[in-house]
Amino acid sequence: MGTRVYKFGGTSVGSPDRIRTVMDLVAAEPADVTRLVVVSAFGGVTDDLIGAMDTALRRSGSHADQVEAVRRRHESVVRELVAAEQQDAVLAEIGHLFRDLGELLDGIYLLRECTSRTRDAIMGVGERASAPIIAAAMRTRGMPAVALDARTMIRTDDAFGEANVDFAETATLTQAAIDELPSGTVAVVTGFIASTDSGVQTTLGRSGSDYTATILGGALKAEKVIIWTDVDGVLSADPRLVPAAFTLPALSYREAGEMAYFGAKVLHPRTMRPLLDDAIPLEIKNTLNPAAAGTRIHAESVASEGAVKAVTAVRDIALIMVEGAGMVGVPGISGRT
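To convert, take the position in the sequence shown, counting from 1, and add 3; that gives my numbering.
What the hints contain is simulated information worked out from the structure, not anything from laboratory work. Since this is a predicted model, take the numbers as computed values, not measurements. One or more hints might be untrue.
[To be verified] Using C-beta positions, here's what the derived DEER-type ranges look like: (1) Ser79 with Asp57: 22 to 32 Å; (2) Ala171 with Val203: 32 to 42 Å; (3) Arg75 with Val325: 55 to 65 Å; (4) Arg23 with Arg120: 32 to 42 Å; (5) Ala282 with Arg76: 37 to 47 Å; (6) Phe265 with Arg61: 30 to 40 Å; (7) Asp35 with Glu106: 37 to 47 Å.
Ideal placement from N, C-alpha and C gives every residue a C-beta, glycine not left out.
Turn these sequences into a full structure, and let the hints steer you where they fit.
Dropping the structure here:
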């Protein structure tokens, strides 16, 4: 039995209707494969958490009111999508999570300090709330599903904000977690977060939920990883600059990595790293337009019809040339210029 990993970003889980679409897409996948669904925080929630941190740090308003607004949003999704007999358990879990969040923010307010460790603890609250809600919504629909906390699966160092993954330990922990699941169960996994050996929460940095999906895909040697987002795939150029830009049907890992490094926003360069050794394909598809073919990224390069496959650009960069005979032979000058 193979494994497939699906990642849904904040836009894809941004409302009850969008979550219903997510469930439709997962239900349409083969039931005889192990299905892992990596979810981000509901759209906008991470920004709300950052706002609450800033409010507490600056003492510029009521961070408690901001937390309560986020909590109510999650409660409303539970009321709409989760069966009545499951709601109490889910709401209790969410309530405990937001009480802990409130205490962390109170600490920031009192100390007027927010360490990188505390910031990571707060930044992952959205994912820790969305995963159990979506898993419960799937069970309400009749899909066997369980929420898994990525902190028990992905092991990192303590470089808070953009932690480095211990891939060997992560593979062992991930396989053990999946082996415990009954056959046919959908595993809904928190994106973006991980933990150190001592159990301290860390985050994976920009595009962290994408990275979660490929880390798990690599650990389980998945058939493929699908990142569901709000665009049809990787575009040949920035459509704001090139109106005729089109979706690229296929890219190699190297091509996609170079595009990401030089400005393409769909992927972070490190997202593909966990897939390279086993040549696991990565697909980019649109939750809002699931019929679109998307972009398939894999080991082999595919020739394009034109001379150039894609164009990217890095903005707001200045090149400074420093010249002068007085600098010749001065120690350190070459290193700085």
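We went through each hint and held it up to the structure:
1. The hint said 22 to 32 Å for the Cβ distance between Ser79 and Asp57, and at roughly 25 Å that hint holds.
2. At roughly 20 Å, the beta carbons of Ala171 and Val203 sit outside the given window of 32 to 42 Å.
3. Arg75 and Val325 have their C-beta atoms about 56 Å apart, which keeps the hinted 55 to 65 Å range intact.
4. Remark: the range hint 32 to 42 Å for Arg23 to Arg120 is upheld by a beta-carbon distance near 37 Å.
5. Checked against the hint of 37 to 47 Å, the C-beta distance between Ala282 and Arg76 comes to roughly 41 Å, which is consistent with it.
6. Distance hint check: the CB atoms of Phe265 and Arg61 are about 36 Å apart, consistent with the given range 30 to 40 Å.
7. For Asp35 and Glu106, the Cβ-Cβ distance of about 44 Å falls inside the hinted range of 37 to 47 Å, so the restraint holds.
Hint compliance for this structure: hint 2 is the single one not met.
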